[in-house]
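The residues making up each chain are set out below.
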Amino acid sequence: MNQDEIRDRLQSAAGCELEMRTSRGGDIVIDLTPERLVAAVAALATEDGPAHLSAITSFVEGSDAILLYHFWLGLGLTLRVRCHAGSSTVPSLTPSLPAADWYEREAHDMLGICFAGHPNLAPLLLSPDWPGPPPLAGEEQAP
Amino acid sequence: MAEIVALAEIVLFPGALYLVTLGLLLSWVDRKATALLQGRVGPPLYQPLADLVKLLGKEDILTRGADANLAAALPVLALACTLTAGLLVPVGNHSVIAFHGDLIVVLFLLSLPTLALFLAGLNVPSVYNILGGNRALLQYLSFELPLMLGIAAPAVYARNWSIDALMKLQVGYHWFMLALPLGFLVATLGLIGKLERLPLDSPHAKAEIGAGPLTEYSGRKLALWRLVTWVQTVVGVNLMVAVYLGGADSAWAYWGFGAYALKVLMYTAGLALVQVLYARLRVDQVADLSWRTLVPLGLAQLVLAVWIGG
Amino acid sequence: MTRITVPIGPQHPLIKEPIAIRLDVQGERVLAAEIGIGYVHRGLEHLLQRRTYAQGVAIVERICGICSHAHTTAYCQCIEALALLETPPRALAIRTLLCELERIHSHLLWLGVLAEAIGFNTIFMYAWREREQVLDIMEAISGGRIAHGVNVIGGVREDVTAQQARQALAMLNALREQMRTFVDLVERDRSFLRRTQGIGRLTREDVRAYGIVGPVARASGATLDIRRAAPYAAYTWLHVPHAVLVEGDVLARARVRVAEVQYSLSLCEQLLAALPEGALTTRSPRRVPEGEAITRIEAPRGELLYYVRSDGSDKPARVHARTPTLPTLMALRTMLPGLHTGDVAAVVAGADLCMACADR
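Protein chains in written order, with our numbering: chain U, 360 to 502; chain B, 22 to 331; chain S, 899 to 1258.
Simulated from the structure, these hints should not be mistaken for lab results. It cannot be assumed that every hint is accurate.
BS3-like mimics (lysine-lysine), calculated; alpha carbons at most 27 Å apart, straight line [claimed, not checked]: (1) B/K79 to B/K53; (2) B/K227 to B/K75; (3) S/K914 to B/K79; (4) B/K227 to S/K914; (5) B/K53 to B/K75; (6) B/K75 to S/K914.
The following residues of chain B were derived to be distant from chain S, with all beta-carbon distances above 12 Å [claimed, not checked]: (7) A23; (8) L38; (9) L46; (10) L66; (11) D72; (12) G78; (13) I125; (14) V177; (15) R180; (16) G240; (17) L286; (18) W312; (19) W328; (20) I329.
Just so you know, even glycine gets a beta-carbon here, dropped at the ideal spot from N, CA and C.
One chain only, chain U, in its complex shape (with noise of 0.2 Å):
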């Protein structure tokens, strides 16, 4: 797939124009609401099957989380997901691409991320009785 493929059917599933950039490193990034995300994946499906889903990141921007959704799809492509303070709840892709599932419960464990949806949304690294807030949420103290 190359680029104008790739905006192509992102627009279309999305319904709207749609800005791509590109990171250092050389993937393309394209935000996206979460509203859209389920559909905007099932749409870089190919006939060899679902989009090759490589990892999910997550990290905290200000009061929000960020999501982002690495691909490869012959090159890299990247989708950023905003969840706004307060509602941190994403729609999970697991249901359609179970290559998605324990990096969204990783996401939940290291910044308390929901997935709604999610079919087991239990801890994956940390313990069942961790004790403090989600790891990588921002909330404690720096040493």
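Put chains B and S on the given structure of chain U with help from the hints.
This is chains B and S only, laid out in the frame that chain U set:
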């Protein structure tokens, strides 16, 4: 006087002490040969003894829910059966007890420790023990018959059920291994399976079920079970050497013992070679091997032995 | 027949690193499997935010023992992209050389582990003995067998002298001879085939669904190899052959990895024969300009992705590593049910899991 000699024979040589010492020695030969074949150095001569002594000093814990009396009695029973069988098998050209039909008694006595192992496995309510116990039972059902068929072949061939007589009939290099190669093969594989050696060690396949039936055992009990395995190996090897390889192939006592010792060492090295060459057989492949290959071959050999023997 | 739960792990002779596999077993058949990880989670991504970029190299190196160089390569590459650094060609070549040496020793380690799991101890001993040759080469170059400390941001810290290159070439030649044993093993050895053929099948659809990468994916017909798809370091001028099979069973994975060792031997020889002249590093700034960068490299187990976000200070705002074992672990839940209990060892060992990588 005769009683004292008999007691010395039973306890010292060629009885219990000798069998245990030879058990340790053959264990070392096995490990050293395996190591050299794998490009390693291997353990020093005293290693099996050191392992035994160390185990004897370890704490003996038993899982809750296991019958303590059964757990204590089974290895002792197994060791007793094995040592008794050892008294019937010639060392050099002399066995402590010999009588007509002792071949059958030896096979019977050797089958009891395997049953004891299966019971020891089921005695402990731990997953690995139970799975291991089940596999030990399957292994028992798979390899007793080939071993018996294989060992019976020379007896059928020579129309004689006394081990001593069978050994003496082979004097002059008329080894039964040459006349009955199929039986030798079947008996050897049966022995490997019975001793749970690689490639037929699925009851205690480390990567699958820990230590199998002996998983939760420790200390003295485990030391005894180790000893059972070693002495069983000795008795099995002695039996094969006597019945198939001519034993002490001479009327002269010392030269005969030398011949017997050499054969024992070579057979043990042969077992080590088989251990090194193959991957482990999966437990259903083990049953396959036994019932589809070994038993038919063993039966064929028996038929052949009846036909060409006399 | 009753159903029992067989726990494999967190401590079990089969697994080298802690993982909890709960098998639902009836007789000798696995009905269901549950996987739990996190036993060696050390919070390294959290730690990396509190150390400088340079200190981060040493931390990232210790995420995993067998693919330590892959991690530092990806991390340094990411920061070099962020800081717009031009890594010198000699450094790229040495980096790549160690990447390929690491691939060889990782695959040989895995071969030994698989052999031991199916009771073939001889191959375990042979494979690990050959692996020592590769570790000796890496020790001669860097001083370390596992955590080499060769990568720095901007290049490499250790050079390969002409004599080291000659010695390495001789050792690699000897290793190439020894590989014949392992090729024979995976092509012809009947006892090995009997325990690995047709076992633990993964289809191409499974690979796509779980995003599986590396030799496991290439044994099921997928062709993704980052060295070819998005060349980095010296792969921009090296030709990398790849091994792809379609059977998708444990045997196919073994064959793919043995082939990859042979290809890696060629790549190492090409690199050693013609190392570019020049500097070993380029100057890297203490404070990295603001921004974010993503790199992918082909670690021994597959696609390793690093994301680094900088806020202009001397410490990263976020470092995220997605290690290639994670998708394989997810797929393990579908690979295990239906297996004979005796085959679980072959499948788990054959999947080449690295829990330290997965847990970070």
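Hint check results:
1. B/K79 to B/K53: holds (25 Å)
2. B/K227 to B/K75: holds (21 Å)
3. S/K914 to B/K79: holds (26 Å)
4. B/K227 to S/K914: Holds, because 13 Å separates the two Cα atoms, which is no more than 27 Å.
5. B/K53 to B/K75: Status holds; Cα separation ~20 Å.
6. B/K75 to S/K914: holds (26 Å)
7. A23: B/A23 clear of chain S: closest Cβ-Cβ about 49 Å, beyond 12 Å.
8. L38: holds (32 Å)
9. L46: B/L46 clear of chain S: closest Cβ-Cβ about 22 Å, beyond 12 Å.
10. L66: holds (21 Å)
11. D72: Correct as stated: the minimum Cβ-Cβ distance to chain S is 18 Å, above 12 Å.
12. G78: Non-interface label stands for B/G78: nearest chain S Cβ at 23 Å, farther than 12 Å.
13. I125: Holds: least Cβ distance 34 Å, greater than 12 Å.
14. V177: Consistent with the label, B/V177 stays out of reach of chain S, its closest Cβ about 32 Å off (over 12 Å).
15. R180: holds (39 Å)
16. G240: Label holds. Min Cβ-Cβ 20 Å, cutoff 12 Å.
17. L286: holds (21 Å)
18. W312: Answer for B/W312: holds, closest chain S Cβ roughly 16 Å.
19. W328: At roughly 33 Å from the nearest Cβ of chain S, B/W328 sits farther out than 12 Å, so the non-interface label holds.
20. I329: holds (32 Å)
The structure meets every hint from the earlier list without exception.
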